[in-house]
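2 protein chains.
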Amino acid sequence: MGRVQARTEAALDRLLPSAAIAPQRLHEAMRYAVLGGGKRIRPLLVFAAGEAGAAPGADPARLEILGCALECIHAYSLVHDDLPCMDDDVLRRGKPACHVEFDEATALLVGDSLQSLAFQLVSDHRVCNDPAVQVEMLKILAVACGSRGMAGGQAIDLASVGQTLTVPELEYMHIHKTGALIRAAVALGARASSALGAGQLERLDHYAKCVGLAFQVVDDVLDQESSTATLGKTVGKDAANNKPTYVSVLGLARAKVLAEELRKDAHEALASLAMPAQRLGDLADFIVLRKF
Amino acid sequence: MGRVQARTEAALDRLLPSAAIAPQRLHEAMRYAVLGGGKRIRPLLVFAAGEAGAAPGADPARLEILGCALECIHAYSLVHDDLPCMDDDVLRRGKPACHVEFDEATALLVGDSLQSLAFQLVSDHRVCNDPAVQVEMLKILAVACGSRGMAGGQAIDLASVGQTLTVPELEYMHIHKTGALIRAAVALGARASSALGAGQLERLDHYAKCVGLAFQVVDDVLDQESSTATLGKTVGKDAANNKPTYVSVLGLARAKVLAEELRKDAHEALASLAMPAQRLGDLADFIVLRKF
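If you read the protein sequences in the order shown, they are chains A and B.
First residue of the first sequence? That's 31 in our numbering, and the numbers climb one at a time after it.
First residue of the second sequence? That's 31 in our numbering, and the numbers climb one at a time after it.
Chain A extracted, bound-state conformation (with noise of 0.2 Å):
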């Protein structure tokens, strides 16, 4: 997986604003909260979708810019969660949160900027010669960022402090909260090659749903099972919060059998495109078996 994470990291180097640039402040915080550090599974889905089909896929060029934009987007959401007023955890990658390492104030900022950013980079000239597809991915991005995708998660999240909710109602939550910005992900990076046809996008939407979903759980077993080193993100966090979790609902061995379940799902959905796509089935192997 070195390859994409590798790229995608000296990319965003070059394309977030310089911290020699004024706003100095703000392009530093900008820099701390996006650069070294994450598994960066956005931008390994973005590329994993555009080579899928015959090769040679999408160019690497393109992807690259998308699968930044979605680091733009996925950093932004855990400096804002990360805000006292929000989840008010003060640990994120292994170094101190946004506003502890700075302010309050610089971390709003930042992260309304990286979303700004997000959608800059989208619209640049190189991610798309055709501007009607290029207007479609800047569409599913905003949706997928908004009140109906990722923040709306983020509210659903907050208002279940406390509740005890269904397998259905937590999958709503993720499928929001998580899933929209990983839907988002193989969307735009398989528009960016030419290859599939709406049918395939449909079945490869489905498989994005799916490992979204087996992201969250695989997450929710490894804060029970992990440790903060190991993570480099508090554990037991949403416990303490008394947050609904897959492990708290379902109980760890049946969480476990979901992702197990979701894999496999996701595999039947690659199989169904009757295209390679080869490294979408290992990153779905990747999301349920790893570690941290």
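Hints may be right or wrong, so weigh each one.
Since copy identity is lost for identical chains, a pair holds within one copy or between any two.
As the list claims (entries may be wrong) - Each computed DMTMM-like pair below joins lysine to aspartate or glutamate, with the alpha-carbon atoms no more than 25 Å apart:
| id | residue 1 | residue 2 |
| --- | --- | --- |
| 1 | K273 | E134 |
| 2 | K263 | E134 |
| 3 | K169 | E134 |
| 4 | K169 | E58 |
These are computed hints drawn from the structure, not numbers from a lab.
Given the coordinates of chain A, assemble chain B onto it according to the supplied hints.
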């Protein structure tokens, strides 16, 4: 000015997610932050720029969506600016600020979601029938909102507390903080019609820069001369927070002269367009001569 404002209000009511749709509380708070208040200067500028040139100008249905997108960005910036970690204000548009009426976490997500919604609106298929122009519009908006635009201006504003600024430094701050979005409003409106050439777009941008600065100068003057009841927001706040303003740097009399000079500059830029732009001229007058 009533026509555009009423039209914008109705369109916002239609384009914002219903408070009956989940997550209800977030949608209710988004509507609270956007609807029923504000001068709607940015939609007015969108319409005036879109109607410049020979009749009939851009389709009002397009301008309406663009105006709403700019109001979503503007409202998001106000909601985040009012948060305790930023300006810590409790009053906005004559009502309790969003985080007071709801809570801080909800206000944070309201701002985040409104930013996404703005990009969703500008990527709407009704905005433009030339997708290349639409991608350009999305990029203009993203740059205007980001760390080298509005959010960056806010960061400079935060850093200026207790500082003595020169007039050029103050101008630099406001060109970003307020000016960036006002310029985007004019740029998007102008691109919604196909009446303007590249040279004219550049001269219109100079108009927008003057009007944006004038807006801030007049804001500072009104903040000194008006009451909280008239403005619907806390007056004298910048002075109390030890923030530099045009009045504190130039004095009241010279600030008024500057606003008048900027108004004249704006009119000269319009004259150089060599095409009808009556409403843009009226707006420059309104912005400088307003009493609220």
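Evaluation of the provided hints:
When the C-alpha separation of K273 and E134 is checked against a cutoff of 25 Å, the pair qualifies both within a copy, at 24 Å, and between copies, at 19 Å. When the C-alpha separation of K263 and E134 is checked against a cutoff of 25 Å, the pair qualifies both within a copy, at 19 Å, and between copies, at 23 Å. Within a single copy, K169 and E134 get their C-alpha atoms no closer than 30 Å, and across copies no closer than 28 Å, so neither meets the 25 Å cut-off. Within a single copy, K169 and E58 get their C-alpha atoms only as close as 29 Å, which misses the 25 Å cut-off; across copies the closest is 23 Å, which meets it.
Going through the hint list in order, the structure does not satisfy hint 3, though it satisfies all others.
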